[in-house]
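If you're matching positions, the sequence shown starts at 1 in my numbering and goes up one per residue.
Accuracy of the hints is not assured; some may be wrong.
Here are the computed lysine to aspartate or glutamate pairs in the DMTMM-like style, where the Cα-Cα straight-line distance is at most 20 Å [stated by the list, open to error]:
#1 K206 with E149
#2 K64 with E190
#3 K206 with E190
#4 K282 with D232
#5 K269 with D258
Read the hints as simulated data drawn from the structure, not as lab findings.
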Amino acid sequence: MLTFDKLKLVTQIENIKILEESAFNIKSKDNVISHLEFHQKVPFLLNIEVDYEDNELVLEFTGKVLGSDYPKLISIDTIKQCFININNMGICLLDIDAIMDDASVVKCDVTQDVCCDDVPALTKYIASNIINYREYIARTLRNSNFVVEKNVTTRGYKKRLTIYNKQKEMNKRENSRYMTEYNIPPNTFENICRFELNLNSTAQIKKALGISDTSLQSVLTAANNPIRDFLDDVVADSNYTIPLTDKQSYFTALVLRDCDYDIHKVEAKMRQLYSRGTNMSKVMKPYREALNRKSGHQFTKSNLLKMLG
1 MLTFDKLKLV TQIENIKILE ESAFNIKSKD NVISHLEFHQ KVPFLLNIEV
51 DYEDNELVLE FTGKVLGSDY PKLISIDTIK QCFININNMG ICLLDIDAIM
101 DDASVVKCDV TQDVCCDDVP ALTKYIASNI INYREYIART LRNSNFVVEK
151 NVTTRGYKKR LTIYNKQKEM NKRENSRYMT EYNIPPNTFE NICRFELNLN
201 STAQIKKALG ISDTSLQSVL TAANNPIRDF LDDVVADSNY TIPLTDKQSY
251 FTALVLRDCD YDIHKVEAKM RQLYSRGTNM SKVMKPYREA LNRKSGHQFT
301 KSNLLKMLG
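My request is simple: use the sequences and hints to build the entire structure.
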């Protein structure tokens, strides 16, 4: 079953009744109300836009809308509870059944939590085994989150996977307050590694989830595992069996040392030495394997994919 940490939906304007108009920002055109907008970031992100011009309702929310059920994330099993909790805020009344029937998903973050007691080692393994450093960019952000994204300029095609230590994130002051407010036990996310795949267009959602439309029901019940599929495409096959006693392995070790054991620098150097059309994945394989041996990685592609189901 797929789980999500963020959904952005579009549905019919008739599916909302405003109860407290003062909670909304009012936008007018020619003295006629064109939009009502509600935005909040804490204790959970919630954006509500009532668009009278296009006759539609836009809803965007994160998994924290679930309160004490936040660890379950958004899924086909919890989606109605998300809408119930929004209704309980008292500012509007959503027609839950109607939204379930006609809403479409325009953006989403597919999310998967897995047990991992060494997230830095996991992300280091992935960074060292990117199959093509021109096609995919891997980097660690200032907040220690690890990101892999497709190197394209068109936003609709820019898949982005973020991997991070969930317990570390929930230890931040704002998140700690959230867990206390909703009585979530402090050890709930212990040894949890979170994977989040951003899908930013309907075309991207359909392709990644293997569905023909982006209706809310289709998205929530999709059978594909897009996070696993993405990493299957991104991570090169490798094993750790190369001996460091023959000429080739000695040459490999020298190249790695010359490139400061940076796999990106190795690939750049190899692209200078080999002709266009060369299978760079095959060329890079011994360098990845040797680097994995040196780093003592506990991960392989097969157990990474198995971890994700």
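Now the hints, each set against the structure:
Pair hint K206 plus E149 holds up; C-alpha atoms about 18 Å apart against a cutoff of 20 Å. Between the alpha carbons of K64 and E190 the distance comes to roughly 18 Å, so the proposed pair stays at or under 20 Å and holds. Distance hint between K206 and E190 is unfulfilled; the C-alpha atoms sit about 33 Å from each other, more than 20 Å. For the hint pairing K282 with D232, the CA-to-CA distance comes to about 16 Å; that is within 20 Å, so the pair holds.
Between K269 and D258, the direct Cα distance comes to roughly 10 Å. Compliance with the 20 Å bound is thereby established for this hinted pair.
Figure legend: structure checked against the earlier numbered hints; the only hint not met is number 3.
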